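Asks: Each chain, letter by letter, is given below.
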Amino acid sequence: MTLASGAWPTFAADRPADDRPAAGGRQRGGSAVVWRAEMTKMAGQWRVRAAALACAVAPFAVLMAFNVQGATPSDTLFGQWIHTSGWAVPMVVLLWSGQWLLPALTAIVAGDIFSAEDHLGTWKTVLTRSRSRGQVFTGKLLAAASFAVVMVVIVGGASMLAGLAGGSRPLVGLTGQTVPAGHAAWLAALSWSTQLPPILAFTGLAVLLSVWTRNSVVGIGAPVLLGLVLQLVSMVDMPLALRHWLINTPFGAWIGLWTQPRFVGPVGQGAATSGLWLAVTVAAAWAVFRRRAIGAA
Amino acid sequence: MAARRPLAALAVAALAGLGATGCSSGGGITAAPIEASISHAFTNLYLLQQKDMGNPVPDPAGLHTRATCLKGTPADPQSGAGADWTCDVTFLVAGPATPVTAIYNLTVQTTGCYAADGDGPAPLNGSRTVTGPGYRQVHNPLWLIDGCFALR
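Chains as they are written, first to last, in this note's numbering: chain A, 2 to 298; chain B, 1388 to 1539.
By construction, these hints were calculated from the structure, which means they are not laboratory data.
Please note: incorrect hints may appear among the correct ones.
Unchecked claim - Each pair of labels, with its calculated beta carbon distance range: (1) A/Ser147 with B/Ala1423: 36 to 46 Å; (2) B/Val1444 with A/Ala57: 51 to 61 Å; (3) B/Ala1462 with A/Ala62: 24 to 34 Å; (4) A/Ala166 with B/Arg1523: 17 to 27 Å.
Here the structure is a predicted model, which is why all the values come from computation and not from measurement.
Backbone N, C-alpha and C define an ideal beta-carbon position, used for all residues, glycine too.
Turn these sequences into a full structure, and let the hints steer you where they fit.
Replies: If you want it as structure tokens, here you go:
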């Protein structure tokens, strides 16, 4: 298997004639071209297809498993209500996936999108085209981020659909209050949307590792490992000033949406934390990528 | 449990060093927010239980639910996550002369979420199901209380 199955011709040859660069000039909108090329390559990769399919199917498999066995995952928040209200399903899936599955999903692409070019020895080809280094970087970064967002939408959307099966009944919230079905659906969707900032932060981290180490194993493996280790670290008491800034803390920011009175401070804090991680990792990745000598052995 | 893993232990040590400014490592978990959360949740779920059992639903304000929570023994530090929190939830179901106390064993996580396992009296919170109308077994909402509170 090759990590980037050869879709490069679309990058160079399938371009309309009027999009060809003037001699020596750099294209405007070059990042969009790189982004499109990366998305096309991505759609052809078996890893990406398998991940998307698994994300779409897994929530239904979870639901069916519990319905067939009659078991109740009562060690998870909302788990005891899984047979009562359908809207417990997206929340149980969120609780299981948030800490490790989402970092792993984004790392599949973001951890490989730069280092694949090292692996295949294609940087010279890519960077001698009409796209500037900044455009290549931006396009690849945006492609990785797009993949992360699409994956959250797929797995979140599928678990919401799975919840729709028993979705007419109210759910019990996190202060024992009865949440009417319609409001529960809205809160489940909001909770899933709070996963976007932290998954983008992990995307930034995976991109940095991919650029820096030039190694897809590190790019993909390290964020997954970090997600698991931080999940353990998070079980230990530590000052809040520290906990707030861990890269994985924002995955749990949604809990206050389900209490009475509601507390949404963690959502804002989580967005700030994720934004900081994203900014720092992307800036560092660009700093490394910009200075890299391509063509040196 | 985490400390047994060398990698996690290393990370914790590094983080502890970084966070040496603070020192109050309870992470915002103390008795007060737990008590506020569980008494609120208990009241809501008691009403739900009575409704599911087909009983008349009492006025929530009239229950005057109060909770007293303790981590380990009174001699232990009263802050932080752990599986050793216990709460006594007292409510007035038949007038001020006859308070009822429900006991819960809590596992409180560092996130500010807890699972409170009913530990008596048995007819109230001791079993997974209760008898509803027509002798039908229905889920007992007081058997296990899942709740969360804000860390401050």
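Asks: Take the hints in turn and mark each one as holding or not.
Replies: Each hint tested on the structure:
Between A/Ser147 and B/Ala1423 the Cβ separation comes to about 43 Å, which falls inside the hinted range of 36 to 46 Å. The hinted window of 51 to 61 Å between B/Val1444 and A/Ala57 is violated, with their beta carbons roughly 42 Å apart. At about 48 Å, the beta-carbon gap between B/Ala1462 and A/Ala62 misses the expected band of 24 to 34 Å. Between A/Ala166 and B/Arg1523 the C-beta distance comes to about 22 Å, which sits within the given range of 17 to 27 Å.
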